[in-house]
Every structure is written in C-alpha cells, then in structure tokens.
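Asks: Start from the sequences, fold in the hints, and give me the full structure.
Number of protein chains: 2
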Amino acid sequence: MASTATARRRVLKRLLPITEWLPGYNVRSLSDDALAAVIVTLMLIPQALAYALLAGVPAVVGLYASMLPLALYTFFGSSTTLSVGPMAVVSLMTASIASRWAAQGSGEYMVVVVALAALSGAMLLVMGLCRLGFFANFLSHPVIAGFISASALMIGVSQLPHLLGVSSSGDTLFAMLAALFKALPETNGTTLALGLVCIVMLLAARRWLEAALTALKLSAGMARFLTRLAPIVTVALATWATWGFGLESRGVEVLGTVASGLPSLSWPDLSFDQAKSLGGSALLISIIGFVEAMSVAQALATKRRERIDPDQELVGLGVANLGSAASGGFPVTGSLSRSVVNHEAGAATPASGLMAAVGVLIAIVTLTPVIAHLPTTVLSAIIIVSILSLLDVHTFVRSWRYYRGDAMAMLVTFVVTLWQGVETGLVTGAALSLMLYLYRTSRPHCAVLGRVPGTEHFRNIDRFEAVETDQNVIIVRIDESLYFANARFLEEKIDSLCAQVKNLKHLVLACQAINMIDASALDSLEEINQRLKESGIAFHLAEVKGPVMDRLKETTFLDNLGGGVHLSVYSAWEELHQG
Amino acid sequence: MASTATARRRVLKRLLPITEWLPGYNVRSLSDDALAAVIVTLMLIPQALAYALLAGVPAVVGLYASMLPLALYTFFGSSTTLSVGPMAVVSLMTASIASRWAAQGSGEYMVVVVALAALSGAMLLVMGLCRLGFFANFLSHPVIAGFISASALMIGVSQLPHLLGVSSSGDTLFAMLAALFKALPETNGTTLALGLVCIVMLLAARRWLEAALTALKLSAGMARFLTRLAPIVTVALATWATWGFGLESRGVEVLGTVASGLPSLSWPDLSFDQAKSLGGSALLISIIGFVEAMSVAQALATKRRERIDPDQELVGLGVANLGSAASGGFPVTGSLSRSVVNHEAGAATPASGLMAAVGVLIAIVTLTPVIAHLPTTVLSAIIIVSILSLLDVHTFVRSWRYYRGDAMAMLVTFVVTLWQGVETGLVTGAALSLMLYLYRTSRPHCAVLGRVPGTEHFRNIDRFEAVETDQNVIIVRIDESLYFANARFLEEKIDSLCAQVKNLKHLVLACQAINMIDASALDSLEEINQRLKESGIAFHLAEVKGPVMDRLKETTFLDNLGGGVHLSVYSAWEELHQG
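Protein sequence lines, in the order shown, are assigned to chains A and B. Residues 1 to 579, numbered by UniProt numbering, are exactly what the first sequence covers, in order. Residues 1 to 579, numbered by UniProt numbering, are exactly what the second sequence covers, in order.
No lab work stands behind these hints: they were computed from the structure. Being a predicted model, the structure only gives us computed values, none of them experimental. Please note: incorrect hints may appear among the correct ones.
Identical copies carry no separate label here, and so any pair may be met within one copy or between two of them.
To be verified - DSS-like, lysine-lysine: derived pairs with alpha carbons at most 30 Å apart:
#1 303 x 502
#2 303 x 13
#3 553 x 505
#4 533 x 303
#5 545 x 493
#6 303 x 493
#7 553 x 533
#8 493 x 533
#9 217 x 303
#10 533 x 545
#11 13 x 502
#12 303 x 553
Replies: Here you go:
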C-alpha cells in the first residue's frame with residue numbers, strides 16, 4: 001500500500017510538478033515571486049504587443065498569448081525561472097508559415113496561426129509524454145546559431161516598413177528588401193522620426209542608464225530595475241506624444257481600438273487534412289521553441305543548482321501552447337530576456353509566472369483605451385533593438401577555427417534561411433549536420449600499430465619509426481564505433497592492408513576505441529573474417545569493450561572467428577609474434 | 001617531365017582502367033574471357049528479356065540494355081568479374097517509378113524509362129568523379145535487406161498475371177493483389193500449365209541437375225556449366241512447344257514480332273523541369289544499383305585478391321547507364337548471379353564483358369524470328385525462381401537476436417516498401433537507420449569510476465564494489481564521441497552528478513573513449529566548465545586522445561578550464577585525492 005502511494009505520488013509529481021513545491025510555499029516565496037512578477041509584466045507588455053505584430057496578428061493577441069500560457073506553465077513546467085510567452089524567432093516563423101496559407105489580416109490567417117499553436121502544443125505534449133525530448137538534439141549548435149542569426153536579420157528587416165511608415169512584406173529576405181525598396185518613396189517622415197527617437201532612447205538606456213542611475217547613488221538593484229523599465233517607459237512616452245501632438249493626423253499608424261476585455265476561450269476547428277498539411281511546420285516551430293526554452297532554462301537552473309527535466313519541459317511548453325491556442329493566440333515558448341530578468345529579480349517558484357499572467361490580465365482590462373493610441377513604430381523600435389544581440393558572428397568565427405565543417409553548416413543554414421525562408425533553412429541545416437557527422441565518422445582514423453621495443457605499449461607505425469613490427473602480423477586500430485556508415489570503409493581498409501603484405505598470417509583488430517558495433521558492421525566483420533579465412537589469414541580481435549563483447553557473444557561470429565579474442569594488443573602480440 | 005608523364009598515366013588509369021590491363025592481354029586471357037563470355041551470354045539473354053518485361057518495356061529493350069552497357073563497362077569499370085546489365089530489383093524500381101508518370105506501353109512511359117537511365121548514369125558519373133561514393137553508406141545492411149526482400153516479394157507477385165495469362169498491375173503489393181484477384185476468373189489454363197511446367201523444370205534443375213550430371217561421370221566443371229544452361233534450355237523448349245503445338249491460338253501470350261536488328265543510338269530529349277522532377281527517383285535507383293553492384297564486386301575481388309575502387313565503380317556504372325540510355329534501354333547495374341558465373345567460369349579481364357556484349361549482338365541479329373514465338377509465361381517462371389533466394393528471413397532473425405533496433409528498421413522498411421511502394425520504403429528505412437543511430441549515441445554509456453585499491457586501474461563503481469572513491473572528486477567516463485546529438489545529454493548527466501554530491505570540489509571527465517568533439521559538444525563543455533566554476537567545482541580532463549587534443553588546443557577552452565588536463569585518470573587521482 002505504501003509503495004502504491006509512493007508510486008502514485010511520483011506519477012503526480014511527474015504530471016504536475018506544482019505538487020512538489022506548493023506544499024512548501026510561504027509568505028517569503030510569495031513576496032519574492034510578486035516582485036519578480038511585476039518586473040516581468042512590465043517587460044512583457046511591450047514585447048507581447050511587438051511580437052504579435054511580428055507574427056502578423058493584431059497586437060492585443062500578443063497579450064492573449066501571454067496569460068493562459070504563463071498560468072498553465074506554472075502547473076506543468078519544471079523550471080523555476082522560465083518565463084513563457086511570445087518570443088521573436090517563433091513569432092517570425094509563425095508569420096512566415098501562415099503567410100503561405102492566407103493573407104495577413106484575413107480571418108483564415110488567424111485560423112492558421114491558432115492552428116499552429118494548437119498543433120505545436122499537441123506535438124510538444126505528446127513528445128513529452130513519450131519522452132521524445134532527444135529529438136531536439138538533432139539540431140547542432142552551429143545550425144541553430146545560423147538559423148537564429150538569419151532570423152534576427154529577417155526580423156530586423158521585417159520591421160523596417162513599420163519604422164518607415166510604409167506597408168510591404170515578403171517571405172524571404174530578398175522578397176522583403178525588394179518590396180521595401182519599392183515602397184521607399186512613400187516614407188512617412190513623422191513616423192520615421194518618432195521611431196528613430198525611440199531607437200536612440202532604447203540604445204542609450206541599454207548602454208548608459210544603469211551606470212548613470214548608479215552614479216546618482218541609487219542601489220544597484222534599483223538601477224537595474226529602472227533600466228529594465230526603459231521599453232515600457234519608451235512606449236508610454238511615444239503613446240503620450242502621439243496622442244498629445246495628434247501625430248495620427250500626420251500619418252503615424254497606431255494600434256487603434258481593439259476588442260477590450262478578455263479573449264473568449266474557444267478551440268480551432270481543424271480538419272485532419274489541415275492538421276496534416278500544417279504538421280511539418282508546427283513540428284519545426286515546436287522544436288525551435290523547445291531548443292530555445294531548454295537552453296535558457298538549463299543555464300538558469302544550473303546557476304541555482306536546480307534540475308530541469310527535458311521531458312517535463314516538453315509537457316509544460318505543450319500545455320502552454322494549447323492554452324495559447326484556446327485563447328486565440330499564437331505559438332509561444334520560453335523567452336531568454338524575460339527569464340533572465342525573472343531569475344535576477346528573485347523569483348522563488350513558478351508561481352511568479354501565474355502572477356505575471358494576472359498582471360497582463362489587469363493591463364488588458366485597464367489599458368485598452370491607451371493602447372489604441374500606441375504607435376506601431378515604437379514596437380518596431382523595441383524589436384530592432386532587442387534582436388541586435390541575436391546576430392551571432394562570434395560563433396561562426398569560433399566554429400571556423402575549431403572545425404570548418406561546422407562553420408560551413410552554420411553558413412549554409414544562414415544563407416538558405418535568408419534565401420529560401422525559415423523552414424527550408426532549418427531542414428537544410430539539420431540535414432547538413434547529419435551528413436557532415438556521417439561523413440566524418442564514415443572515414444575514421446586508422447592506425448597500423450607497432451610495439452615500442454621492450455614495453456607493452458603499441459604505437460602508430462607512421463608516427464613512431466622505432467617501433468617493432470612482424471612480417472606475418474598486422475595490428476590495426478580503428479578510432480571509431482563501427483556502424484553502417486563506416487562498415488564498408490572497414491572492409492576496404494582491411495582489404496587494402498592485406499593486399500599490400502605478402503605472406504600475411506594474422507590480422508589483429510585493436511578495438512579499444514570501438515563503443516558499438518551495429519548489425520551492418522557485424523555483417524562486415526563476418527565478411528572480413530570469411531575473406532581472410534579464404535586467403536589463409538587469421539582474423540583476431542583485441543581489447544574488445546565489455547558491452548560490445550556482450551553483444552558479440554549473442555552471435556555466431558566469435559565461433560567462426562579465424563583467429564582469437566585477446567585481452568590486450570600485447571597478449572595478441574606475445575602469442576602471434578615469432579621471435 | 002617524367003613526373004608529368006607519371007601523373008598523366010595515373011589520371012588515365014583512373015579515368016580508363018582498361019589502360020592498366022590491356023597492355024598485358026594475351027592469348028590465354030583471350031580464351032579464358034571467351035569461354036566465360038559464352039556462358040554469361042547464354043544466361044543473360046533470358047534474364048534480359050525477363051527483366052525488360054519486369055521494367056514494363058518491350059522484351060527486346062532488355063537486349064538493347066545489355067550491349068552498350070557491358071561494352072562500356074569494359075573500358076571504365078575496375079572489377080574484373082562484374083557483369084553489368086538488367087537486374088531484377090532495379091527493373092522493378094524503374095517500373096514502379098515510371099508507372100506514376102505514364103501508362104505502361106505508351107510512348108511517354110518509354111521516354112521516362114530512358115530518362116531514368118540517363119539521369120541515373122549522369123548522377124553515378126558525377127558522384128564517381130567527385131568521389132562521393134560514401135553516399136551509398138547511408139543505407140544500413142538491415143534496411144537494404146528489408147528493401148530487397150520486399151522488392152523480391154513484389155517482383156514475384158508482379159509476375160503472377162503473366163503466369164496466369166491475365167492482365168493486371170499495381171504500384172504497391174496490395175494494389176497488385178487486388179487487381180490480380182479481380183482478374184483471377186480470366187485465368188488461361190494453357191498459359192498457367194506451361195508456366196508451372198517451366199517453374200518445376202527450373203527448380204528441379206537447380207536442385208538436382210548438377211548432382212545428376214556428376215553421377216553420370218561428367219566433370220564437375222561441365223556439370224556446373226550445363227546446369228547454368230537450364231534457363232535458356234527451358235526458354236528454348238517452351239518456345240518450341242508454343243510454336244509446335246500452336247499454343248498461341250489457345251491464348252498463350254508470346255513476345256510477338258519485334259523490331260529486328262540494332263537499336264538506333266539517340267539521346268532522350270529531357271527538359272530541365274522533367275530532370276528535376278525525376279531526379280530524386282533516379283538517385284534512389286542509382287544508389288540501390290551501386291550498393292548491389294559494389295557488394296558483389298567487392299566479394300568477388302577479395303576472393304581473387306584484387307582491389308575495387310568504389311569511385312571508379314561509380315564511373316563505370318555511370319557510363320554503362322548512359323550507354324543504356326543512348327541505346328533506348330532502362331537503368332542497369334551489376335548482376336549478382338551473372339557476376340558469380342563470370343567469376344567461376346574463369347573470366348580473366350573485363351574483356352569478357354565486351355565479348356558477352358558481342359554475343360547479345362549476334363543473338364539480336366539472328367534470333368528475332370524465334371523470339372517472336374517466346375511465351376511470356378516462361379520469362380515469368382524464370383523471374384519467380386530467381387527471386388526466391390532474395391527473400392531474406394535469415395538476416396531478420398539474426399538482427400533480432402543481435403540488435404532489436406536494426407531488426408525493427410528492417411521490418412519497417414519491408415512493410416513500408418510493400419505498403420507504400422519502393423521509393424517511400426527506401427527513404428523511410430534510411431531515415432529510420434539514421435534516427436536509430438542518433439538515438440543510440442545520444443544517450444551513451446557513462447560510468448562513474450573508482451580506483452581499484454593499490455593499483456593504477458579505475459573501474460565503474462556500480463559494477464565493482466570494492467573500489468576506492470573520494471568525497472571531493474567525481475571521475476566520470478563517457479563511452480562515446482561527443483557531438484550534437486549527445487551534447488545536451490552530457491550537460492544533463494554532469495548537472496545531475498553534481499547535484500547529488502555536496503561539497504564536490506573536482507569533476508574529472510575521463511576521455512579515453514572520445515574519438516571526436518564537434519562544435520556543439522565544445523559549446524557544451526564550455527558551458528559545463530562555466531557552470532561548475534560558478535559552483536566552485538574544478539572541471540578536469542584526463543586521457544584526451546591526440547587528435548582531439550590537437551583540435552582543443554586551437555580554442556580558448558583549455559585556457560579557461562577550471563581544472564587541469566591530466567595524462568591519465570591515475571595522475572588526476574594522485575593530484576586531487578586527499579589521503
């Protein structure tokens with residue numbers, strides 16, 4: 001009975017991590033969480049409005065996508081600090097994909113966006129329940145870096161029309177630029193001036209405000225808090241200026257009157273065929289969202305000496321996206337900037353997310369009349385300033401120095417993303433990483449070994465001239481696990497070694513670097529053994545690792561082996577070497 | 001000058017391997033090759049006719065596809081024994097793909113078939129010149145086995161209509177069976193009887209003829225030679241019977257009058273768009289053809305202590321397919337059965353292929369009137385008997401015992417090929433192999449090590465209870481190269497190890513099994529180092545391999561390392577262990 005209760009508690013803890021921290025919740029945690037929630041909310045409101053525009057939906061939808069997801073993640077997420085909600089790259093992907101199905105602003109466009117959130121949520125949830133988090137590992141870091149950099153560039157360029165007060169759009173960078181140049185003569189001077197002032201204010205605040213406030217004898221914490229408020233203050237000032245000076249009449253575009261109050265909960269009416277055709281796109285959004293959220297959550301968790309469960313994160317993000325879809329929002333994920341702020345502001349539990357959701361709720365109810373006068377150019381200014389840090393040249397330079405292949409994968413992902421759009425870019429990059437890895441392991445490093453005279457050590461005969469060899473024995477070491485991609489290479493390598501030496505009697509494969517032998521490689525080993533037997537050469541193995549040996553013992557390979565299995569290369573040498 | 005001449009000769013040898021063996025050609029080689037060519041030709045004629053029907057083209061096209069390819073391969077191929085020409089699985093793939101573009105028997109169907117040969121030839125040639133032979137390694141043995149088995153089953157079922165004397169066809173196994181059952185009532189008794197007699201004759205010859213002839217005191221070589229003639233004798237007898245008894249009037253379908261004489265050389269008129277849409281299919285045909293040819297060529301070459309150059313084989317097969325396209329034929333590759341016969345009959349050089357081509361030429365010129373009376377049912381009988389050996393249950397059972405994942409990949413490839421057709425089957429199988437490999441390496445075996453008291457040896461603390469450990473030091477060994485698929489796993493593993501131990505001061509990563517660290521894994525190592533530093537734990541490396549160390553030295557990782565790099569786990573222990 002006791003063990004049943006324990007098991008039940010473990011399942012509950014796995015499904016609802018909140019059951020773990022809620023019992024210990026106290027006033028201290030409450031006040032910590034509340035403070036962090038206030039700061040996060042003030043950052044979240046302008047970001048939510050801006051990323052909604054980036055996703056091609058009405059600004060208020062960004063606020064809708066920030067409440068239920070934040071609240072639900074509190075119950076299902078495993079990270080104390082991750083702040084879920086709209087995020088730049090995921091919003092760009094959403095816009096880029098939905099634009100292919102319907103025109104921005106149309107009712108169908110909104111249906112596709114909500115459907116992407118719903119599908120993405122369902123996929124993340126299923127992946128989490130099936131513990132398929134390892135799927136996210138298929139994207140290598142250079143590919144992600146290339147993709148994020150290209151996305152940042154596209155996000156920046158996509159905001160230029162708002163900044164210039166013109167209307168133009170496109171799916172790829174070149175399409176965007178072409179449309180933009182065409183629309184350039186219609187630039188609205190007032191809009192541009194307002195936008196540039198906002199950009200300068202935001203950059204200045206980022207660069208100097210914290211130091212300036214500290215110089216004014218404010219505490220470091222207070223200075224940092226006030227610096228974080230720069231975006232919302234900029235928005236407030238720009239809105240006030242637009243309203244006060246009647247800039248709307250000068251052609252400055254504002255968000256306009258939006259449906260006040262709460263979103264009505266509903267569920268996208270999705271047919272199986274629609275789901276099938278949007279499925280691939282939703283999967284890409286899910287994976288990018290998950291990878292980004294995980295890297296933030298994990299970095300912060302380690303700082304706090306906490307543990308993140310990737311499969312539980314999938315569940316948390318999945319439920320959050322389902323929540324976004326239910327409230328008519330777009331795909332969401334963990335935000336880097338807000339999560340860091342949440343951590344630094346001292347959030348003690350995921351409850352700070354729930355409180356931030358309440359903050360957004362209050363904003364929706366009270367601020368709708370104000371938001372109507374909010375100029376879109378200020379939101380574009382916020383986006384442009386925030387994506388500057390995403391352009392990642394450093395990783396490219398570093399990869400180039402460390403491993404050219406990885407740098408090329410990053411460059412190709414970057415170029416293809418800009419040139420063919422986010423989906424093709426990501427898929428090409430992932431495929432390229434795989435090819436590169438397979439190519440790298442398909443021609444592993446091999447060494448023919450000789451004995452360092454008088455010792456039990458064996459070294460590569462090409463690197464060490466003084467080693468002892470035997471005319472009848474070749475010892476070859478393969479520095480890679482044996483699997484389908486290099487199985488044929490192994491056959492060819494051994495064929496060519498044997499073709500070079502006349503009167504060869506023994507070939508020893510030194511297996512200390514072999515962590516795995518798959519079925520294809522086992523076939524090759526059997527083929528090699530058979531061929532060598534027919535040529536009168538005995539095939540030996542040495543230093544086979546325990547787990548590899550365990551598997552081999554299940555087969556008839558060892559029974560048919562022409563030579564023997566030796567514990568070490570030295571013991572093979574001792575047995576086979578003739579004076 | 002001399003070195004230029006040597007270099008020129010090497011290029012020539014690479015482009016035209018014939019330049020290597022032709023100067024040493026003598027009367028002895030000539031007679032050996034001629035004998036082998038006669039036997040191969042007698043096998044090739046019925047196979048070429050049969051596989052043409054399988055590919056959905058007129059039977060005589062099979063003979064066209066057997067001349068120029070065989071002749072060209074003599075000049076460009078590197079295998080002494082490989083017999084190039086029509087081959088069952090490739091013919092099936094051709095029919096399956098071309099049927100999607102046009103109806104069998106139509107002029108467009110023929111255009112697509114020739115285009116597939118041309119594209120496949122061009123691809124193989126380019127892959128060979130660019131030395132991209134490693135692409136073929138992406139198909140694991142179980143996937144190939146699953147694909148070949150499913151193809152064999154589909155080939156067998158596709159021949160049943162000919163055997164029954166009805167007309168029905170389909171793209172997948174189920175479509176074929178459905179069409180067949182519908183057509184079943186129209187079965188032609190005479191056709192079926194003739195076909196079954198042929199099957200029984202062929203099976204009986206395969207099983208008993210060689211032993212019977214040996215018992216009649218014929219030499220072993222002669223007995224084997226006569227046994228090999230069983231298919232052509234069966235064809236001759238069936239044709240004679242059809243003609244003699246006027247079976248055509250009883251509804252037995254015959255090949256009918258074909259264009260006598262040689263094919264006119266021409267080139268398929270292919271637009272860029274057509275090439276693009278057929279490209280993927282042609283690539284699959286190329287890869288399967290190459291993989292099959294290579295495995296035969298390599299096995300025979302090893303028996304003869306010869307060397308095969310995979311990139312040269314690509315060139316040889318590429319030129320052969322271009323030759324097939326030029327003479328209006330379908331995709332070709334090396335045939336297992338004919339190559340083995342060519343080898344056993346004693347072919348001394350690739351010239352035996354050229355002679356077999358001449359043999360087919362003579363047959364075309366002289367045999368056209370006879371071929372007109374050849375019943376298709378006998379060709380189906382030949383195909384059915386020959387594919388029986390391709391159904392590979394053995395590999396499945398063996399894989400199942402050795403590694404379930406590989407067996408599952410084989411089974412899925414088999415089922416998807418039958419259910420969705422050859423292309424989807426092959427692509428699914430290849431993708432599955434990759435996923436499986438990534439999954440397998442994404443959660444590598446890890447061991448926390450302790451010292452075997454009084455020695456320099458360290459062992460897994462979970463397996464060996466008596467080992468010595470230190471409260472301040474964790475030594476962890478990862479048994480896999482570090483790359484993007486397991487980079488995150490490594491971070492999680494080390495996070496969880498550190499979270500378990502309080503007062504940890506040192507973490508040593510034992511690297512003896514790490515053959516490579518890619519850019520993603522390097523990022524993870526830097527992240528781990530940074531996190532550990534912040535937690536007051538020093539990160540050490542031990543037993544880093546030379547090539548891995550060389551790369552790490554190019555980065556700033558070692559400069560920032562919280563701990564040190566140790567030559568061995570023991571020296572790390574000596575330094576860090578506090579009595």
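Asks: Are the hints correct? Go through all of them and say.
Replies: Structure-based check of all given hints:
1. 303 x 502: Between copies only: 15 Å across chains, 62 Å inside a chain, cut-off 30 Å.
2. 303 x 13: within (23 Å within a copy, 62 Å between copies)
3. 553 x 505: within (25 Å within a copy, 41 Å between copies)
4. 533 x 303: between (59 Å within a copy, 10 Å between copies)
5. 545 x 493: Intra 22 Å, inter 22 Å, cutoff 30 Å: intra and inter.
6. 303 x 493: For residue 303 and residue 493, the Cα distance is within 30 Å only across copies (16 Å; inside one copy 48 Å).
7. 553 x 533: within (20 Å within a copy, 44 Å between copies)
8. 493 x 533: Within one copy only: 17 Å inside a chain, 44 Å across chains, cut-off 30 Å.
9. 217 x 303: within (29 Å within a copy, 87 Å between copies)
10. 533 x 545: For residue 533 and residue 545, the Cα distance is within 30 Å only inside one copy (24 Å; across copies 33 Å).
11. 13 x 502: between (67 Å within a copy, 24 Å between copies)
12. 303 x 553: Intra 45 Å, inter 28 Å, cutoff 30 Å: inter-copy only.
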